[in-house]
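Visitor: Chain A is fixed; fit chains B and C onto it per the hints.
Residue numbers (the working numbering), protein chains in the order written: chain A, 125 to 249; chain B, 1489 to 1895; chain C, 28 to 404.
These aren't lab readings, by the way, just hints derived from the structure by calculation. Accuracy of the hints is not assured; some may be wrong.
[Unchecked claim] With a cut-off of at most 30 angstroms between alpha-carbon atoms, the simulated DSBU-like pairs for lysine-lysine come out as follows:
(1) C:Lys-362 to C:Lys-116
(2) C:Lys-277 to C:Lys-301
(3) C:Lys-116 to B:Lys-1585
(4) C:Lys-116 to B:Lys-1581
(5) C:Lys-116 to B:Lys-1717
(6) A:Lys-213 to B:Lys-1870
(7) A:Lys-170 to B:Lys-1595
(8) B:Lys-1889 to A:Lys-239
(9) C:Lys-116 to B:Lys-1583
(10) C:Lys-362 to B:Lys-1717
(11) B:Lys-1557 to B:Lys-1581
(12) B:Lys-1870 to A:Lys-202
(13) A:Lys-130 to B:Lys-1870
(14) C:Lys-243 to C:Lys-340
(15) A:Lys-248 to B:Lys-1889
(16) B:Lys-1870 to A:Lys-170
(17) B:Lys-1870 to A:Lys-239
(18) B:Lys-1543 to C:Lys-340
(19) B:Lys-1543 to A:Lys-146
(20) A:Lys-213 to A:Lys-248
(21) B:Lys-1595 to C:Lys-340
(22) A:Lys-246 to B:Lys-1663
(23) B:Lys-1870 to A:Lys-146
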Amino acid sequence: MAYSDKVIDHYENPRNVGSMDKADTHVGTGLVGAPACGDVMKLQIKVNDEGIIEDAKFKTFGCGSAIASSSLATEMLKGRTLEEATEIKNMDIATELELPPVKIHCSVLAEDAIKAAIEDYKSKS
Amino acid sequence: MQKRADMPIYLDYMATTPCDPRVVDEMLPYFTEKSGNAASRSHAYGWESEEAVEKARGQIASLIGASAKEIVFTSGATESNNLAIKGLASFEKEKGKHIITVQTEHKCVLDTCRHLEDEGYDITYLPVQDSGLIDLQLLKDSIREDTILVSVMTANNEIGVVQPISEIGAICREKGVKFHTDAAQAFGKIAIDVNDMNIDMLSISGHKIYAPKGIGALYVRRKPRVRLKALIHGGGHERGMRSGTLPTALIVGLGKAAEIAASEMQEEQARLLSLRTRMYDKLHAELDEIYLNGDLENRISGNLNISFAYVEGESLMMAVRDLAVSSGSACTSASLEPSYVLRALGVGEELAHTSLRISIGRFTTEEEVDSACSTIITAVNKLREMSPLWEMAQEGIDITKIEWAGH
Amino acid sequence: MQPVYLDNNATTVLKPEVIEAMSQALNMFGNPSSTHHYGRVARQAMDEARRAVADLVGVRSEQVVFTAGGTEANNMAIYGAFMASEARKIVLTATEHSSVLKQVASLVASQGAEADFLKLNELGLVDLQALENTLKEGDIAVVTVMYANNETGIIQPIADIAALCKKYAVPFHTDAVQVVGKQAVNFAELGCNTLSLSCHKFAGPKGVGALIVDGKTALEPLVIGGGQERGRRGGTENTLGIVGAGEAIKQAQAMQKDMPRVQALRDKTEQALKNVSNEIIIVGENSPRMPHCLSVITPGLEGELAVMSMDMKGICVSHGSACSSGKIEPSHVLKALGYSDDLAKCGLRIAFSWQNTDEDADKFIEAFSEIYKRIKG
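Chain A on its own, in the form it takes in the complex:
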């Protein structure tokens, strides 16, 4: 499989790997995918009182494109408002990473993870 340089960069040097406290009311956690499908993404956002995402972390079980997609997603999330965050679409990620057609689902999963994390955060407040 030929990966783009950008995918390889995110894969080699993933940004924002890690975990935050799920119980924290400022933290929203999204867990999407399934081990049987070969991808599981955990994406967490920390939202400050102004409603701005001040931190994002991920852990991903999946192929290089899935890791790169979630790594890029955390970068894109930081500094956005929740509203702005919902505007991140999978094609933004796919285009930026030059994902081949068979890997577009990785960016879809990343979009799902963002939505799930926001939903989780909102459900807490």
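Guide: What follows is chains B and C alone, placed relative to chain A:
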């Protein structure tokens, strides 16, 4: 094989092997001054080729206790398997239309059997146990009045597991059913005697034993005679079983490779076994939750197939790209499907996704094994650090109990 | 002393450049289906060779299916088209190569096929009117006609045959094993649906051939499994041979340029044989013929004997095709051209190549004259 520091370490000897330099030396003259058509029986160039072909036939036969006349040259094990199964099925269709094979056979055997199903044959695909071995009692019980053929591979191409060929042969002989074995991964690596083992047909591949690609053979028993309908018809080469101009140079290469295997097999396999053990022990010592797929005892010495829990296969492949290894078999590794062989073993889909097939061979060194181990250990640790599943497992969460949404 | 090799329709000597290319490729041993470095390198080399084959016959790379040789390619085309079709008839000529005849015979014996042999005219060519009549009858799975015959070099009107088949929407296969590499062939211009070629007939290695497909005609695979060649032909590809084939194609242009010289050798030899005796028959003398082929019938001089006697004089020629030269049977090709069994046993096939010199032709003429005089007293 030239070694270069900037090249990945080759650990994919079950996908293919480099030509042995001794094989190359033997072949080269047949590309140049000895390049006649072996079927040209009336002039000197043709004779020289025919003689070389016959010598190779003998070298191959003697490695499996057969006679030279029982060896039919083909373009490779895939064609051999096609010829054996379709050829026998077609010839014996009046006798019966039931064939028994195994779920973990090579794709070309399974695809051929599926084709025969379309043609009205009835195929039993035997399951395997967790070890990858078939249940002999189940085989016995599956043989029917109308069974014409049992096809069970000697050594599996993904997990290296060696089936109890002697016992299968004995069962088939007793029941009067023909027995074919795909020995592409076993020929030249373990001792095979077609008479002791009651094998009626045996498929051979050149490029798995340090000979070139594009050449293989099928052993076809003469006493009691096994009759096949040809797949490729024409000039009547190979006793009418396989037509087409014989690629003399490639055949000479396969013959030489068989000769080398005959004289070095024991020593070589012992060396490979010790390298493999070294590798397995190192990985085990450094990494938790790794699982060997398939039986350890009944296994080709050069093979390991290991699942690394909580990391994903493709990212693992990417992390170990300094190693030339494969996930699943080479033929299907471009697809994202988990290996059907591992699934047949009962390996869960998660673990099937994270397996590596590591196969070592003639030119593998201890340094390469050590270096490969450290690459794998580093990669697995890094990916687990990044894996939400590993994190959950460490927290004591049973991931099989989670309701995954899927997508 | 090296024998004079004039059996170039059986096989040809590898060009040194081909040997060199294959020697270089020995280090490139990966399985082209493997996704790692070694596999990719092998695939790349194979793709290049595939492109060379494609360019040679004017098709796209995807239309090239590598096989173990011309025999397999012919088998695959005919078996594949027949099995994929509901129709029962296979239309062919009696002068086809044994790989075609035997595959058809097998389909007749085991699959209920019906073989319909086309009438040949006095030049040995397919009678187009007869073909059209046959096509009108329908129920035809495939028509197969070889481009140039391996014994006589007679060239069939392939484009005309293809056009007729197209008119009646019947798949048309041509066995171009004796033509590709020796003269320009354009798949689309010919208009056939499948075409087979063999690399060892034009200075490439044995064990490699190809079936060119149009991508539209339904074909059942002959060798199944593994998914190689887009599922059309299973089995790990013969990368070494394929690299050699690619190089042979590069050399083919030079060999084609050399053809007028080779033809001059043939023409000179032909004239000399006619001078030996006016009873010697030049087969296909007035037919379109490959410029390097010479097929003669010497009444009273059995081919088998002639070939052996020539061999003792250090000259390699053949009677009939190499595939069947172990058996003493009248040539099926000569019989199909209307020669009696007795005459059909007296054929001799001489095929020149880039490698042959004026001296080779002279040696052949001298040896043949001597043998002729001895036999005929």
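Visitor: Now tell me, hint by hint, if it's right for this structure.
Guide: Here's how the hints hold up against the structure:
no. : hint                     : verdict
1   : C:Lys-362 to C:Lys-116   : 23 angstroms, holds
2   : C:Lys-277 to C:Lys-301   : 37 angstroms, violated
3   : C:Lys-116 to B:Lys-1585  : 27 angstroms, holds
4   : C:Lys-116 to B:Lys-1581  : 24 angstroms, holds
5   : C:Lys-116 to B:Lys-1717  : 21 angstroms, holds
6   : A:Lys-213 to B:Lys-1870  : 29 angstroms, holds
7   : A:Lys-170 to B:Lys-1595  : 50 angstroms, violated
8   : B:Lys-1889 to A:Lys-239  : 24 angstroms, holds
9   : C:Lys-116 to B:Lys-1583  : 28 angstroms, holds
10  : C:Lys-362 to B:Lys-1717  : 28 angstroms, holds
11  : B:Lys-1557 to B:Lys-1581 : 25 angstroms, holds
12  : B:Lys-1870 to A:Lys-202  : 24 angstroms, holds
13  : A:Lys-130 to B:Lys-1870  : 19 angstroms, holds
14  : C:Lys-243 to C:Lys-340   : 51 angstroms, violated
15  : A:Lys-248 to B:Lys-1889  : 24 angstroms, holds
16  : B:Lys-1870 to A:Lys-170  : 24 angstroms, holds
17  : B:Lys-1870 to A:Lys-239  : 27 angstroms, holds
18  : B:Lys-1543 to C:Lys-340  : 27 angstroms, holds
19  : B:Lys-1543 to A:Lys-146  : 73 angstroms, violated
20  : A:Lys-213 to A:Lys-248   : 24 angstroms, holds
21  : B:Lys-1595 to C:Lys-340  : 52 angstroms, violated
22  : A:Lys-246 to B:Lys-1663  : 70 angstroms, violated
23  : B:Lys-1870 to A:Lys-146  : 23 angstroms, holds
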